[in-house]
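Here the working numbering is used: the first residue of the sequence shown is 93, the next is one more, and so on.
Be aware that one or more of the hints could be misleading.
In silico lysine-lysine, DSBU-like type, Cα no more than 35 Å apart, as pairs [claimed, not checked]:
#, residue 1, residue 2
1, Lys111, Lys248
2, Lys277, Lys164
3, Lys111, Lys136
Across the chosen pairs, the derived CB separations fall in these ranges [unchecked claim]:
#, residue 1, residue 2, range
4, Gly284, Gln205, 48 to 58 Å
5, Pro213, Asn94, 20 to 30 Å
6, Leu202, Ser244, 16 to 26 Å
7, Gln267, Glu240, 12 to 22 Å
8, Phe110, Gln267, 28 to 38 Å
9, Asn168, Ser117, 13 to 23 Å
10, Asn324, Gln233, 10 to 20 Å
11, Ala176, Glu270, 26 to 36 Å
12, Glu137, Leu202, 24 to 34 Å
13, Ser244, Asn94, 25 to 35 Å
14, Gln267, Met330, 30 to 40 Å
15, Lys175, Asn230, 15 to 25 Å
16, Met320, Asn94, 47 to 57 Å
17, Gln229, Tyr141, 41 to 51 Å
Treat the hints as calculated values from the structure; they're not laboratory data. Idealized CB from N, CA, C, for every residue including glycine.
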Amino acid sequence: DNPKLAISNLVEASEIHFKNPKTISYGSLYLRMFDPDFLISLCKEILQYCPIQQNFTVKSTAMRESLHVSLKTSMNILEAVVKAMPGSCDALYLLSRVQFLSGEIGASALSLQKILQEIDPTFIPAHLLIAQIHIQQNNFQRASQSLEVCLSHDFKIRENPLYHLILGIIQKHQQKLEEALKSFKMAMTICGYFSTDEMTTKTTKSSELGLADLVSLFLETVNTYTLMNESNEANKLMQF
């Protein structure tokens with residue numbers, strides 16, 4: 093109910109937590125006190141309060157002071173976790189996600205390359221985020237190739253709404269509007285939304301997309317309806 097208070101409490105929790113292992117040399121005791129799993133969970137909670145609007149203008153690390161506190165705090169925490177556990181796939185991926193949301197596209201790509209080249213070349217979330225980076229760079233062919241790599245590693249990727257969101261964006265760019273709309277609708281269905289003639293309804297199933305991606309899904313679907321001259325459908329979705 094009070095995002096500012098929630099963020100303040102979470103940031104304070106991270107600061108208190110970091111005080112504990114400072115006097116201990118690196119080793120098993122240090123890692124137990126450092127508790128990287130707790131810090132990763134803490135970052136995920138902090139990122140719930142990340143602003144929806146994303147600024148993808150390429151930034152340098154020197155410009156971090158201008159970032160939203162949720163992104164800045166998460167970045168600092170995750171960089172410490174990755175330094176302590178450089179082989180943690182989850183920490184590196186979450187760091188790359190925060191870098192992406194912060195506009196540090198090059199740094200995000202490097203983090204993802206480290207995952208795929210040194211840790212786990214089949215890590216699907218990394219391939220999907222690389223596809224999103226290619227889209228931000230207007231390189232839709234390479235984004236499509238990233239999705240093909242995802243499919244080659246795991247056909248269950250078709251159950252991931254982010255896969256269909258990215259595919260729909262690529263199809264829309266290719267002027268395949270009907271196919272794009274099908275992809276966006278599939279993403280919505282997986283997230284628990286379904287359409288009737290009167291409205292779009294949310295089921296009790298929780299969304300598998302982050303808030304920023306979910307907003308993108310709705311905006312892309314509305315835009316596709318508009319491009320197809322189906323303004324009534326676009327208006328219905330806007331009223332949801």
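Run through the hints listed earlier and report the numbers of any the structure violates, in increasing order.
Per hint list: 1, 4, 5, 8, 10, 11, 13, 14, 15, 16 and 17 violated.
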